[in-house]
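Asker: In order, the protein sequences belong to chains U and X.
My numbering puts the first residue of the first sequence at 1, with every later residue one more than the last.
My numbering puts the first residue of the second sequence at 264, with every later residue one more than the last.
Treat the hints as calculated values from the structure; they're not laboratory data.
Beta carbons: idealized from backbone N, C-alpha and C, even for Gly.
A couple of the hints might just be wrong.
[What the hints assert, rightly or not] Below, a sample of chain X positions facing chain U; criterion: calculated Cβ distance under 7 Å:
1. 276
2. 284
3. 291
4. 438
5. 603
[Said to hold, decoys possible] With the C-beta cut set under 8 Å, the calculated list includes, among others, these residues of chain X facing chain U:
6. 273
7. 278
8. 343
9. 345
10. 434
11. 444
12. 543
13. 581
14. 584
15. 630
16. 631
[Claimed, not checked] Below, simulated EDC-like cross-link-like pairs (lysine to aspartate or glutamate); rule was C-alpha separation at most 16 Å, straight line:
17. 69(U) with 557(X)
18. 75(U) with 482(X)
19. 74(U) with 406(X)
20. 74(U) with 562(X)
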Amino acid sequence: MNRIETAFQKKPIFMPYFPLGYPDLETSVNVIEALAKNGADLIEVGLSFSDPLADGPVIQQATQIALEKGITVKKSLEAVKELRNRGVDIPLILMGYYNPMLAYGLERFIRDAVEAGADGFIVPDLPMEESDEFVEATHASPLQPPLIQMLAPTSTDERMEAIARNAKGFIYLVSVTGVTGERREISNDLGELINRVRAHTSAPVCVGFGISTPEQAKQIGQLADGVIVGSSCVKMIGGSPKPVETAKQFAAEFRSALSELRK
Amino acid sequence: MTLLPHKFGPYGGQFVPETLMPALIELEEAFVAARADAAFQTEFNKLMASFVGRPTPLTYARRLSEKLGGAQIYLKREDLAHTGAHKINNALGQALLVKRMGKRRIVAETGAGQHGVASATAAALLGLECVVYMGEVDIARQEPNVFRMKLLGAEVRPVSSGTKTLKDAINEAIRDWVTNVRDTHYLLGSALGPHPYPTIVREFQSVIGREAREQMLLDAGCLPDTVIACVGGGSNAIGVFSGFVNDEQVELIGVEAGGSGIETGKHAARFGDPSRGRVGVIHGTRTYVLQDEDGQIAETHSVSAGLDYPAVGPEHALMRDNERAFYTSATDEEALSAFQTLCHTEGIIPALESSHAVAEVIKKAPTMRKDQVILVNLSGRGDKDLNTVIKELN
Ligand SMILES: Cc1ncc(COP(=O)(O)O)c(C=O)c1O
């Protein structure tokens with residue numbers, strides 16, 4: 001069983017997002033370690049890009065700062081390795097835009113990422129239509145790390161079926177039509193949307209975009225197999241004078257909100 | 264599977280979040296249906312004539328030709344189209360598609376402000392809500408166009424992220440589109456972005472090349488030896504090139520923004536700087552992109568806001584690989600000097616973007632024979648640039 005499958009043994013799982021290099025490289029590694037050791041079941045490790053067109057202001061600003069402080073793909077992969085050296089053993093999924101991966105060299109990127117300890121990839125600007133090249137490149141790696149497929153409220157049933165059919169790891173269901181960022185309320189139609197996805201796949205369905213509080217996580221955890229928390233995590237931890245302490249607390253709170261549901 | 268080819272050789276494609284894919288499919292379907300619909304074509308052509316003022320004239324540049332002492336020079340006068348640039352052709356075409364798709368709101372990006380003005384105009388004409396994203400740097404240097412957009416009823420939203428220019432305006436327009444995609448169309452202003460945009464924009468701009476070819480045969484009695492156009496995203500160039508692409512003997516030349524000079528790194532010459540202009544993916548398309556070693560998109564510079572963009576339309580990337588078209592660049596200084604030359608010799612104030620094409624004419628014409636002919640696409644007029652030019656010339 002690989003790390004991702006192990007993580008989904010008990011559901012729903014808590015999946016925070018945090019970008020490497022923010023507010024600086026050292027702190028981000030400490031933060032991700034703290035999230036992992038205090039309740040995160042899987043972490044989306046963010047790679048920064050100058051033009052993050054699927055992201056709202058919080059993640060835009062954080063990744064911009066990471067770039068200003070000199071983060072690169074190479075340094076990000078070294079940081080993943082460092083996290084493994086520190087005993088982090090939950091799945092680490094690299095989340096980033098396509099161009100820096102292409103610039104690094106796609107096969108080389110996937111090989112080095114897996115070697116560093118990454119378990120899979122999320123590439124928001126790579127829809128089904130364009131993902132063959134990436135998926136083929138993953139075949140060169142013995143681990144065959146998954147490219148996590150994304151679905152959205154605008155996806156037609158036809159697309160859901162085609163995308164879910166080849167899903168590996170889990171499905172990333174974008175809960176709102178929009179960019180990343182906190183939302184005050186959760187859409188009433190979410191249950192229906194999740195059911196539509198489940199009709200096409202037995203892969204775990206994880207929901208992200210706009211989830212900000214442990215209460216919302218609990219609400220969504222009743223419907224989904226995983227709860228992804230991005231902007232709120234970045235904002236709370238990045239804005240704290242003691243980021244590592246805040247990360248510990250943040251992970252513990254979300255994890256405890258989900259714990260009664262876990263089975 | 265797409266209805267139309269979604270790539271130009273290895274370039275193009277649809278590198279966008281899943282949320283937008285259904286909208287791209289819907290747009291392609293609407294475009295294919297509209298193209299086959301005689302009523303749509305009639306409506307479009309009627310607006311092109313009665314509202315835009317097409318066909319735009321072809322002007323023989325007698326004094327410029329004499330001054331340069333080589334090839335005879337003809338100007339395709341897109342500066343005389345309503346709103347002052349070729350951008351209106353595409354804006355109106357897409358706005359008609361928006362009506363057809365039953366959407367009520369458009370968002371657009373703008374650099375020079377010409378596409379923003381064209382979109383605001385099309386929206387006013389057809390009764391659509393219009394929001395234009397514009398970088399703060401461009402708002403400062405193209406102020407007259409900001410007023411025009413507002414007068415036309417559009418909301419102009421300043422963009423303060425990144426380099427505060429066209430690239431960032433596109434990011435914000437896409438973010439708005441992702442959020443409001445159910446009732447909003449993204450009226451993209453150049454031959455870039457994800458499929459089907461490069462194809463749609465070329466189709467709506469191909470009127471330039473069709474008219475110009477006919478006018479050349481009629482007025483000059485021959486096809487041009489060389490066609491020259493400036494290349495930002497590449498819409499005016501692809502529009503005029505498309506009329507001559509099958510005439511193999513006609514040389515096609517695109518002119519990128521050389522900024523302060525290629526060697527300074529401050530430019531927007533995607534093809535002209537092999538160390539940083541490499542194939543990558545930006546704004547939904549695979550093409551030549553100015554970027555650093557780590558794949559971060561580079562800052563660009565040009566005196567003309569409309570050419571100040573790090574990527575080039577994917578069809579140009581293919582035409583360059585195939586050597587069907589050739590690409591060169593003109594610096595800020597060369598463009599400003601060409602601007603003045605055209606003012607003095609022909610009584611025409613060109614846009615700074617178009618001045619880059621004129622700069623290439625000034626270099627090229629003297630190397631040609633007197634019986635040879637250059638056609639240059641004068642993509643827009645320079646009223647919007649007066650502040651910049653006055654500042655630069657002092
Ligand atoms: C007058 C004019 N010419 C050219 C351009 C460059 O765009 P494109 O390369 O799409 O023609 C612009 C863009 O704003 C413009 O306003």
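Asker: Each hint should be assessed against the structure and marked as holding or not.
Answerer: Comparing the hints with the structure gives:
1. The beta carbon of residue 276(X) comes within 5 Å of a beta carbon in chain U, closer than 7 Å, and the hint placing it at the interface holds.
2. With 7 Å as the threshold, the beta carbon of residue 284(X) comes within range of chain U, its nearest partner Cβ sitting at about 5 Å, so the hint holds.
3. A distance limit of 7 Å between C-beta atoms decides the matter here; for residue 291(X) the minimum to chain U is near 12 Å, and the interface restraint is violated.
4. Residue-level restraint check for residue 438(X) holds (minimum Cβ-Cβ distance to chain U is 5 Å; threshold 7 Å).
5. Below 7 Å, beta-carbon pairs count as interface contacts, and residue 603(X) has none with chain U, the closest being about 36 Å; its hint is therefore violated.
6. Because the smallest distance between the Cβ of residue 273(X) and any Cβ of chain U comes to about 10 Å, over 8 Å, the interface hint for this residue is violated.
7. Because the smallest distance between the Cβ of residue 278(X) and any Cβ of chain U comes to about 5 Å, under 8 Å, the interface hint for this residue holds.
8. Violation of the interface hint for residue 343(X) is found here, the shortest Cβ-Cβ separation to chain U being roughly 36 Å, above the 8 Å cut-off.
9. Taken as an interface hint, residue 345(X) does not check out: its beta carbon lies about 32 Å from the nearest beta carbon of chain U, beyond 8 Å.
10. Because the closest C-beta pair between residue 434(X) and chain U is about 5 Å apart, less than 8 Å, the hint holds.
11. The interface hint given for residue 444(X) holds, since its Cβ lies 6 Å from the closest Cβ of chain U, which is under the 8 Å cut-off.
12. Nearest Cβ of chain U to the Cβ of residue 543(X): about 5 Å, under the 8 Å cut. The hint holds.
13. At about 17 Å, the closest approach between the beta carbon of residue 581(X) and any beta carbon in chain U exceeds 8 Å, and the interface hint on this residue is violated.
14. Taken as an interface hint, residue 584(X) does not check out: its beta carbon lies about 17 Å from the nearest beta carbon of chain U, beyond 8 Å.
15. Interface hint status for residue 630(X): violated, as the beta-carbon distance to the closest one in chain U is roughly 38 Å, over 8 Å.
16. Checking residue 631(X) against chain U by beta carbon gives a least distance of about 40 Å; that is not within 8 Å, so the hint is violated.
17. A threshold of 16 Å between alpha carbons decides the hint, and for residue 69(U) with residue 557(X) the separation of about 14 Å falls inside it, so the pair holds.
18. A threshold of 16 Å between alpha carbons decides the hint, and for residue 75(U) with residue 482(X) the separation of about 62 Å lies outside it, so the pair is violated.
19. Taking the CA atoms of residue 74(U) and residue 406(X), the gap is near 42 Å; set against the 16 Å cutoff, the hint is violated.
20. Taking the CA atoms of residue 74(U) and residue 562(X), the gap is near 21 Å; set against the 16 Å cutoff, the hint is violated.
In summary, the numbered hints that this structure violates are 3, 5, 6, 8, 9, 13, 14, 15, 16, 18, 19, 20.
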